[in-house]
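Chains as they are written, first to last, in numbering that gives the first Met the number 0: chain X, 0 to 135; chain E, 0 to 287; chain A, 0 to 329.
I should point out that these hints are in silico values taken from the structure, not numbers from a laboratory. Be careful, since some hints might not be right.
For lysine-lysine, the following DSS-like pairs were computed, each having C-alpha atoms within a straight-line distance of at most 27 Å [what the hints assert, rightly or not]:
1) E/131 to E/68
2) A/274 to E/94
3) X/99 to E/22
4) A/244 to X/7
5) E/67 to E/94
6) E/67 to E/22
7) A/244 to X/53
8) X/99 to E/116
9) X/53 to X/99
10) E/131 to E/22
11) E/68 to E/94
12) E/116 to E/94
13) E/254 to X/53
14) E/94 to E/22
15) X/53 to X/7
16) A/244 to A/39
17) E/94 to E/131
18) E/67 to E/131
19) A/327 to A/274
20) E/22 to A/274
21) E/116 to E/68
22) A/121 to A/39
23) A/172 to A/244
24) E/67 to A/274
25) A/274 to E/68
26) X/99 to X/7
Using C-beta positions, here's what the derived DEER-type ranges look like [stated by the list, open to error]:
27) A/84 to X/57: 41 to 47 Å
28) A/77 to E/280: 17 to 23 Å
29) A/209 to E/143: 43 to 49 Å
Computed from a prediction, not measured in an experiment: that's the story for all the values here. C-beta: ideal position from N, C-alpha, C; glycine also.
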Amino acid sequence: MNSEYQPKIVGLLCNWCSYAGADMAGTSRMSYPPSVRIIRVPCSGRVDPLLVAKCFQQGADGVLISGCHPGDCHYNEGNYHTRRRFALLHNLLDYLGIPKERLRLEWVSASEGRIFSQKVSDFTNELAELGPRSEG
Amino acid sequence: MDSELIQQIRNQARDLLESGAVKGIIGYERASDGLTARPFFAYEPDAVERLIFDETCTHNLVKYLVDKKGERMAILAKPCDSRALNLLINEEQIKRDQVFIIGVYCPGVVETSWNQKGQTQQPRCQTCQLLKPVVYDFLAGQEPARQPEAEVYSDIEEIESMPTAERRAFWLEHLGRCIRCYACRQVCPGCYCPECFAEQLDPAWVGIRIAPEENELWQTIRTLHLAGRCIGCNECERACPVDIPLSRLNRKLEKQVAQLFEFRAGLSPDEQPPFATFNKEERLGSEE
Amino acid sequence: MNLLMSRDDLVRWLQLLLQERILLAPMRVQGLVLFQPVSKVEDITFDFANTTLPPKVWFLPPTETLFSVRSCDGHTELVPATVEQQAVIFGVRPCDAKGITLMDSPFLEEPGDALYRERRAKTTLIGLSCRQAQPECFCTSVGSAPNDPSNVDILLTEIEDGYVVQVVTEQGKALLPQGLAEAGAAPPAPPEPQAVPTEGIVPAMQMLFNQPYWERLAERCLHCNVCAYVCPTCYCFDVRDYPNKGNIERVRSWESCQSPGFTRIAGGYNPRGTKGGRLRQRFYHKLLYFPGQFQEIACVGCGRCVKACPVNIDIREIISDLQQLGAKSG
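Work out the full structure, taking the sequences as your base and the hints as a guide.
Written out as structure tokens, the structure reads:
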């Protein structure tokens, strides 16, 4: 395993909770690996499986979807739909040979900057173990 | 061929046409090989003499109704096809009062291609739990004396049990053969979008390049769009010119949806599909 | 003068060709038979009726990059695709070979398609006569035959212990091994595919454009595109530019006039938006427009469309229907 390998993660973060949480991690100068490329979406429920599949096709080593905690969605129910869609997507991608470890769904609220940075660190380390997508 | 069943179908069809109750009948006739069947549209009472029904009638005719909005049609429906009818009624692509459903008791169909007729029932028929259509206006034939086998997903489990790298290789090999003819989409009653995502130019999600990764993107998303909607008619696999095992994609999600949401598509016209609803308390095991 | 080649001679010859060229031959792939580049002669299947996809996959691949535009140290360069290696296609049936010759008309007519032209010049065709006609075949009704040598460089006809070898072109002759014996007897007589009466079809087409026949026939058509993709003489394509790792690539891929959006134009208008119009187009192209430009019907009677169509739209049935309609209108 190449110790210089830096996984490329695409982070689809909901505007109201997760993006704000990531922002808080930044303003509080919390340190976490520079692996995640953040794309802001209005709600985790906006995340179409097509976006995720496209990220993998374009070379992402990992994809992180993050939204408000269930019950706290800014649009009331978006994340319930995310949860259902994600279950299917996760299973199908795994079935196609993209291991489950490469796709994550997390709930991060606007005040959980530390938790966000921790989750990104964990994800990055796990992906570093797994190796680049091009090798499995 | 069961001559009594066919006579029932023809009589019903003739009545419907003569009374003007429908504009046309969508059924089956004998194909040019003299052996298998093909879809047939009858518009005149005399044409009903061409209608047949036998074990070669594997085609799902429901797709044709999507283009017949505003016209009152009658359609021949096997039990599997009737699930597609429920799906399209539920999704408001067909109006229930615009279609007269001639249901048939179906003992199962065989695999066919031009001039070739299989000897044994298709696997999907062996495990089909429906002896008669789930929706119909007239029912032809007699209850078949068959005992449906329990649904098993051994074809899916075989792939699930492969190590990740082997699974990846399996799919890249099969999907590598895809020539993106989109026959799978064209024959599918569940694929009726006026503009398919694969045809979008801006952004070009899939594009026109034909290569394993693009093909995989195409099939992955089509499969997901059919999650909780695919009724298992297997037309996609039948139409594929390069024998891609598409049923092993669609049935994977059929199994997943049944396990997670206890749901099978098309059993009732006013079901609540799992992706149009939600449950606040559920835990689906994919996130913390 | 025909020559003789034993099976062992053939295998040895193919092994030799493999060393210097790309060798495309029929191979069994998951229950299909497809033309693929072989790495060893043992992979070739000699026992087949015809391949699922015709040899057009070589001359007009399902997808290819025409050129790349690369940005390099501040300047831009256009890098065209090139065809490097010589190739041989083994196992081409006479009908498919005719299909290639028919495709030459649009692709080589000036100014010509550069990639097609290069590939065509660098590829030698080794034909294989048909010893059996399939139920879907009708090559003799459209100007070909199971043993027609006209469109290949060498034609092999299988006999009991080997092959009769007909040398057709200088390009073929240059490829043959030395020392082959002369064939004593003539090759066996070819099989007789079913006849489809095609007389008068071209003039008949001129009168039948507005017949309701097309819309009726098209009712069962699902516009699945399979007929066009398996056809040796269908060659429509789409061209688009895509970014790829900092470059732009111009990609050409197969398309089909059967596709509902094929003629959709900017603004959303679709001049050929009806099912009947699209189905009619395919047959008009094959039986009227192409003959009008190039004096040959664009169908080689291989029967692939008949086998592949999921709803049994059968070109032979259509030709027969059109002749009857033509006789009534004429």
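Hint by hint, here is what the structure shows:
For the hint pairing residue 131 of chain E with residue 68 of chain E, the CA-to-CA distance comes to about 26 Å; that is within 27 Å, so the pair holds. A threshold of 27 Å between alpha carbons decides the hint, and for residue 274 of chain A with residue 94 of chain E the separation of about 22 Å falls inside it, so the pair holds. Under the criterion of a C-alpha separation no larger than 27 Å, the hint pairing residue 99 of chain X with residue 22 of chain E is inconsistent with the structure, at around 52 Å. Distance check on the hinted pair: residue 244 of chain A and residue 7 of chain X sit about 15 Å apart at the alpha-carbon level, within 27 Å; holds.
Simply put, residue 67 of chain E and residue 94 of chain E have alpha-carbon atoms about 10 Å apart, close enough for the 27 Å limit, and the pair holds. For the suggested pair residue 67 of chain E and residue 22 of chain E, the alpha carbons sit about 10 Å apart, so the restraint of at most 27 Å is met. Between residue 244 of chain A and residue 53 of chain X the alpha-carbon distance is near 15 Å, which keeps this suggested pair within the 27 Å criterion. For the suggested pair residue 99 of chain X and residue 116 of chain E, the alpha carbons sit about 42 Å apart, so the restraint of at most 27 Å is broken.
With a C-alpha separation of about 16 Å, the suggested pairing of residue 53 of chain X with residue 99 of chain X holds against the 27 Å cut-off. Restraint check for residue 131 of chain E and residue 22 of chain E: satisfied, since their Cα atoms lie roughly 25 Å apart, inside the 27 Å limit. At most 27 Å may separate the alpha-carbon atoms for a hinted pair to count; residue 68 of chain E and residue 94 of chain E meet this at roughly 8 Å. Distance hint between residue 116 of chain E and residue 94 of chain E is unfulfilled; the C-alpha atoms sit about 35 Å from each other, more than 27 Å.
In summary, the hint linking residue 254 of chain E to residue 53 of chain X is supported, as the alpha carbons are separated by about 25 Å, within the 27 Å threshold. Taken as a hint, the residue 94 of chain E and residue 22 of chain E pair is honoured in the structure, with Cα atoms around 15 Å apart against an allowance of 27 Å. Taking the CA atoms of residue 53 of chain X and residue 7 of chain X, the gap is about 14 Å. The hint holds against a cut of 27 Å. For a cut-off of 27 Å, the pair hint linking residue 244 of chain A to residue 39 of chain A is broken: about 34 Å separates their Cα positions.
Note on residue 94 of chain E and residue 131 of chain E: the hinted pairing holds, with a Cα-Cα distance of about 21 Å set against a maximum of 27 Å. Taking the CA atoms of residue 67 of chain E and residue 131 of chain E, the gap is near 25 Å; set against the 27 Å cutoff, the hint holds. Simply put, residue 327 of chain A and residue 274 of chain A have alpha-carbon atoms about 25 Å apart, close enough for the 27 Å limit, and the pair holds. Taken as a hint, the residue 22 of chain E and residue 274 of chain A pair is honoured in the structure, with Cα atoms around 19 Å apart against an allowance of 27 Å.
For the hint linking residue 116 of chain E to residue 68 of chain E, the alpha-carbon distance of about 34 Å lies beyond 27 Å, and the restraint is violated. Restraint check: the Cα-Cα separation between residue 121 of chain A and residue 39 of chain A comes to about 21 Å, which is no more than 27 Å; the hinted pair holds. Our distance criterion of 27 Å between C-alpha atoms is broken by residue 172 of chain A and residue 244 of chain A, whose separation comes to about 45 Å. A hinted pair counts as satisfied when its Cα atoms are at most 27 Å apart, and residue 67 of chain E with residue 274 of chain A qualifies at roughly 12 Å.
Of the pairs offered as hints, the one joining residue 274 of chain A and residue 68 of chain E holds, with about 15 Å between alpha carbons and a cut-off of 27 Å not exceeded. A threshold of 27 Å between alpha carbons decides the hint, and for residue 99 of chain X with residue 7 of chain X the separation of about 16 Å falls inside it, so the pair holds. A beta carbon spacing of about 31 Å between residue 84 of chain A and residue 57 of chain X contradicts the range 41 to 47 Å that was offered as a hint. The beta-carbon spacing between residue 77 of chain A and residue 280 of chain E, approximately 60 Å, falls outside the hinted interval of 17 to 23 Å.
Here the CB-CB span from residue 209 of chain A to residue 143 of chain E is close to 47 Å, well matched to the stated 43 to 49 Å.
Hint compliance for this structure: hints 3, 8, 12, 16, 21, 23, 27, 28 are not met, and every other hint is.
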